[in-house]
Every structure is written in structure tokens, then in C-alpha cells.
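Protein chains: 2
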Amino acid sequence: MNLAAGIDVGGTKCLGVVIDDQGLVVREVRKPTPTADQLVETLAAIVGELGEHATIGLGVPGLISREGVIRSSPNMSTAIEFPVREKLAQALGEPVWCDNDATCAALAEWQRGAGVGSRDMWMVTLGTGIGGGLVSGGALQHGAHGHAGEVGHMVVQADGDDCPCGQRGCWERYASGAGLSQLAGGITGEEVISRARSGDVAALEVLNEYCTWVALGLANIANMSDPDTIVVGGGVMENADMLLPLIDQRFATMLYAPSHRVHPVLKSAQLGERAGAIGAALLHLHD
Amino acid sequence: MNLAAGIDVGGTKCLGVVIDDQGLVVREVRKPTPTADQLVETLAAIVGELGEHATIGLGVPGLISREGVIRSSPNMSTAIEFPVREKLAQALGEPVWCDNDATCAALAEWQRGAGVGSRDMWMVTLGTGIGGGLVSGGALQHGAHGHAGEVGHMVVQADGDDCPCGQRGCWERYASGAGLSQLAGGITGEEVISRARSGDVAALEVLNEYCTWVALGLANIANMSDPDTIVVGGGVMENADMLLPLIDQRFATMLYAPSHRVHPVLKSAQLGERAGAIGAALLHLHD
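Chains as they are written, first to last, in the numbering used here: chain G, 1 to 287; chain W, 1 to 287.
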């Protein structure tokens with residue numbers, strides 16, 4: 001059996017898995033995400049604890065070059081121009097595959113999750129920010145410089161709210177978990193959803209507005225690349241039972257020329273918090 | 001020598017070409033675009049006048065299915081659910097390749113124009129509306145249902161101007177030739193540019209605003225798919241010498257994390273009005 005190891009470097013924790021030929025997780029290790037200067041050491045320790053494996057892959061948030069250099073990362077401001085792939089490969093004495101964490105999650109959902117069988121797929125993760133990854137014409141897309149899928153900073157309201165990135169009106173200002181909280185006047189997304197479930201009219205209105213923003217960005221994505229499937233994941237989608245029907249309803253009217261085309265199918269992500277690590281483990285097959 | 005014929009069905013004219021192995025146009029035929037009920041007859045007549053050819057391809061505006069059915073077309077409102085590929089193939093007694101006109105133009109610029117050598121390319125045409133086509137990972141992308149590249153209806157100002165498509169704030173409201181005219185209070189885009197060339201300060205301000213809208217959409221595209229090259233064409237770009245530097249300047253600041261990445265190169269389209277027909281002739285190689 002070929003065992004493949006993958007590690008997802010998250011904002012608060014690093015999650016390592018070993019998967020078998022069927023993509024099933026056979027071992028798992030978690031450690032708090034350290035500062036950049038301790039990153040390679042921590043990753044090497046996780047690999048040690050994961051044990052036997054034939055290949056090792058790494059998913060990292062932020063702009064990662066095709067050579068595995070972290071160009072900049074929102075969660076690791078000191079990791080600018082940090083060659084994490086090369087350093088970890090040296091520390092381990094084995095090759096390391098590396099890509100953006102959202103690209104890894106898209107790969108995992110495509111190969112082992114909600115997107116199985118798709119040829120043109122987007123995965124969008126609605127978390128604190130918004131991440132994305134895509135498959136086009138049956139191939140995982142990295143982009144020319146490794147940065148494909150940065151949908152969170154698609155501008156959807158040119159004169160809208162300031163974004164820390166320097167632009168105004170980025171999609172993640174409105175459609176991320178943080179955006180939901182902001183639309184609700186500061187209470188958490190969890191709380192809005194809980195209130196809406198109890199029938200609170202004001203909370204339901206906020207959710208409707210939120211789902212309209214989500215659908216608007218998904219329609220932009222669909223207009224540009226015409227996927228058969230859009231997989232929606234991330235923390236917010238733990239409430240997919242409530243949110244996805246609302247998003248779907250709006251999406252169906254916001255797509256260009258909706259009555260003259262086959263619509264992409266919106267699906268809830270299946271692999272949860274392990275998607276990034278599982279995708280990292282699969283990178284060696286889709287470089 | 002393998003001669004390939006291609007026809008671009010435009011809003012006012014149908015342009016047919018025959019190209020040689022090098023992509024050079026060896027023959028050309030033009031006819032006014034007829035109503036939908038006369039379309040196949042007109043196309044067959046063009047093919048007849050084009051003479052010897054080994055293959056024939058067709059570029060059509062609007063939503064075209066992978067099977068060559070016009071689902072809806074802005075320039076041919078009576079051509080809904082019209083199987084143009086099949087009808088023309090029957091009339092000619094030979095197979096016909098068919099795709100969206102902007103996808104054809106992208107293919108032509110990629111293979112024979114400004115995008116030669118690119119692996120991840122967008123072509124965007126700024127005309128009366130905005131069209132688009134893309135190459136990802138070294139392959140022309142059609143999308144799951146043939147509709148990839150519809151960038152004109154990407155919403156960039158959610159509460160913006162009404163668009164005939166039914167949405168608000170679509171990119172082509174601001175960044176098409178019609179958008180330029182609207183920003184200028186109704187005078188034509190040609191006139192704005194002519195005045196700006198003479199140093200008219202108000203016209204220059206309008207052009208600056210226009211180029212900011214163009215750059216905003218190009219940055220959205222670049223954030224989503226990370227191309228190495230974006231080819232910009234269409235009628236507006238006949239003034240690329242004046243506009244492209246302004247667009248480029250703004251684009252360089254609007255891209256996500258611009259100081260931490262290699263930027264896509266913006267290039268002016270090379271094939272002009274023949275791009276669609278040349279791309280149609282190349283479709284048989286990139287189906």
C-alpha cells in the first residue's frame with residue numbers, strides 16, 4: 001500500500017494526516033502553528049510522528065510560488081520570501097510537494113470529496129477570509145506563478161468597504177465569516193445563524209443579505225469559468241443545511257442568462273477541516 | 001498545405017478567412033450578418049466563396065453549447081436554441097467546429113498573436129460589450145457547458161448601474177466602449193480619446209476613470225486565475241498606445257499583494273478584427 005502524508009498549515013494549528021490508496025485517513029497529528037522561525041522544526045516533528053509514508057505534501061496559506069517559496073502569508077507575516085519547501089526537504093532528506101492551502105483543499109474535494117467526477121470545478125472556502133482553488137478541463141490549476149484561486153480579493157463593490165489588502169469592496173469583506181459578523185452589526189456568525197434558526201426575523205434578514213453576497217461572488221466565478229460544480233466549504237458552511245439553499249436560490253437568478261444554460265451545481269464540502277491536509281498528501285499526483 | 005477556413009459571425013458582418021499552416025490569411029470574404037433564418041444560407045455562401053479548405057470552424061457571439069447550439073445571442077435574439085453547427089454541417093456535407101467568438105479570438109491570439117508561448121492566458125475584448133476567453137495550464141478552456149469567459153457580466157459594483165442582463169454593476173457597464181461613452185456623458189469613446197490626445201483635461205480625467213474600471217476587472221481576473229499574460233483587444237484598444245499604459249499603471253496597484261508576486265503582462269491584441277475568424281479556423285486543433 002502507498003501511504004501519502006500531507007500537512008495543512010493553518011492559522012492556529014498544523015494538521016498532518018497519512019492517507020491510504022483510497023484517500024482514507026489512517027493516522028493524524030496536530031500541533032499549534034508556531035512562528036515562522038520554528039515552522040520547519042514543527043513540520044519535521046509532525047512528519048516524524050506521522051510515521052511511515054511514501055510521499056509528503058504541504059499546504060500553506062498565502063501566496064506560494066510554484067517552487068514552494070512563501071511570498072507572503074496573512075497568518076505568518078514574518079514568513080516573507082521563506083523557501084519552506086526546500087527547507088523542509090533538507091530537514092527530512094526527502095522531496096516535499098507544496099501548494100496553497102485552498103488549492104490543496106480543492107484537490108482533495110475533487111479527488112475524494114464533493115467534486116468527484118467533475119472536469120471543471122471551483123472550491124470556495126468561506127472562513128475568516130475566503131480562499132479558492134479550481135480544476136479546469138480536468139486538471140488542477142496552479143496559475144502561472146502558483147497563485148490561482150485568490151477569489152477573496154475579487155472586487156464586487158468598487159466603492160465599498162476598505163479591505164486590509166489596500167483595495168475597497170473585496171468579496172471577503174461581505175461573504176466571509178467575518179463579513180457575516182459585520183453585516184450583523186458585530187455579533188458572531190454563529191450567533192446570527194443560531195438566532196435565525198429560532199425564527200428571529202432580523203437575523204433571517206441578515207442571513208438573506210449574506211447569502212446574496214455569497215451568491216454574487218459565486219455567479220462571478222461561474223460566469224468567468226463555467227464550472228459544472230462549485231464546492232462550498234469553510235467554517236461558515238458547517239451550517240450548510242440552512243445556508244446552501246438560500247445561496248442556491250439567489251445564485252440561480254444571478255448567473256448570466258440563467259434561463260439559457262445548464263447551471264453549475266453548488267455542493268457542500270465533504271472533507272471538513274481535513275481537506276487541506278488530504279489535498280497536500282495528493283499533490284504529488286497533480287503537480 | 002493544409003488550408004483551414006474560419007468564419008466569425010459578428011454583430012454587423014460575417015468575416016470568413018482561409019489560413020495556411022503558418023496561420024497567415026490567404027483568402028477573405030465578408031458579408032453582412034443576416035437574420036437568424038438566413039444565417040446558415042449566408043454562412044454556406046461564404047464557405048463557397050472561400051474555396052478550397054480542409055476544415056471549417058465557426059465563431060458565434062453569445063452562449064454556445066459544446067454541441068454548437070446557440071443558446072442565446074445578444075446580436076441574434078431569434079436564434080435561441082438554434083443548432084447552427086449541425087445545420088451548417090448538413091448544408092455543407094462536412095464537419096463544422098464551433099465555439100463562442102471571444103473564445104475563438106483568445107485561441108487565435110494565443111496561437112498566432114500576442115499570447116504565443118503563454119500557458120495561462122486571458123484575452124479580453126473591449127468592444128460594445130466585453131468578451132473573454134482563456135487558456136489554463138496550456139489548454140484552451142471551454143468550460144463545462146461551453147460558456148467559459150463571460151467576464152462582461154462579472155459584477156464589480158453590486159449596487160451600480162442597471163445592466164440589460166438583469167443584474168446591476170456588471171463590468172461592461174463601465175469598462176466597455178459603451179461604458180467609456182457613458183462615463184463621458186454620452187459623447188463617443190472615439191471623441192473622448194481624440195480630445196484627450198489634444199490635451200483636454202476633462203477628457204483625460206474621463207480616460208483615467210475608464211482605465212481604472214478596466215484595470216479593476218483585469219485585477220479580478222488575475223486574482224482568480226493568475227495568468228502570465230492578459231491580451232486586451234476590441235475596438236477600444238485601437239487606441240492601445242494611449243490606454244494600455246494607463247491601464248497597466250492602475251492594474252499594477254490593484255492586483256492582490258502586488259509587491260509579493262510576479263505580475264501578469266498586459267499586451268495589446270495583434271490580430272485585430274480577424275482574430276475571431278482565425279481562431280475559428282484553428283478550433284479543429286483545440287476542441
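Mixed in with the good hints there might be a few duds.
[To be verified] Calculated Cβ distances over 10 Å to all of chain G for the following chain W residues: (1) Thr33; (2) Thr42; (3) Ala139; (4) His142; (5) Ala158; (6) Gln167; (7) Gly185; (8) Arg274.
[Claimed, not checked] So these bits of chain G aren't anywhere near chain W, every CB distance computed over 10 Å: (9) Leu63; (10) His142; (11) Ala158.
[What the hints assert, rightly or not] Between beta-carbon pairs, the in silico distance windows are: (12) G:Asp162 with W:Gly186: 28 to 38 Å; (13) W:Glu67 with G:Pro258: 15 to 25 Å; (14) W:Lys13 with G:Thr253: 26 to 36 Å; (15) G:Pro258 with W:Asp287: 46 to 56 Å; (16) W:Ala252 with G:Gly235: 56 to 66 Å; (17) G:Asn2 with W:Pro83: 18 to 28 Å.
No lab work stands behind these hints: they were computed from the structure. We treat Cβ as the ideally placed atom computed from N, Cα and C, and that holds for glycine.
Satisfaction of the hinted span 18 to 28 Å by the C-beta atoms belonging to Asn2 (chain G) and Pro83 (chain W): Taking Cβ atoms as reference, Asn2 (chain G) and Pro83 (chain W) lie about 47 Å apart, which means the hint is violated.
Status of Ala158 (chain G), Cβ more than 10 Å from any chain W Cβ: violated (5 Å)
Check on Ala139 (chain W) being off the interface with chain G, judged by Cβ distance over 10 Å: violated (5 Å)
Range agreement (Cβ of Gly186 (chain W) with Cβ of Asp162 (chain G), hint 28 to 38 Å): With Cβ atoms ~32 Å apart, the hint holds.
Range hint compliance [Cβ, Lys13 (chain W) to Thr253 (chain G), 26 to 36 Å]: The hinted range 26 to 36 Å holds for Lys13 (chain W) and Thr253 (chain G), with Cβ atoms some 35 Å apart.
Separation of Ala158 (chain W) from chain G, once the least beta-carbon distance is taken, above 10 Å: violated (5 Å)
Cβ separation check - Thr42 (chain W) to all of chain G, threshold 10 Å: holds (23 Å)
Non-interface label on Arg274 (chain W), tested against every C-beta of chain G at 10 Å: holds (25 Å)
Distance rule for Thr33 (chain W), whose beta carbon must clear each one in chain G by more than 10 Å: With a cut-off of 10 Å, Thr33 (chain W) remains clear of chain G, as the shortest Cβ separation is near 20 Å.
Status of the given 15 to 25 Å range, CB of Pro258 (chain G) versus CB of Glu67 (chain W): holds (20 Å)
Assertion that Leu63 (chain G) lies farther than 10 Å from chain W (Cβ): Non-interface label on Leu63 (chain G) violated, nearest chain W Cβ at 6 Å vs cutoff 10 Å.
Given as non-interface: Gln167 (chain W), which should sit over 10 Å from chain G by C-beta: violated (6 Å)
This entry does not satisfy hints 3, 4, 5, 6, 9, 10, 11, 15, 16, 17, going by the numbered hints stated previously.
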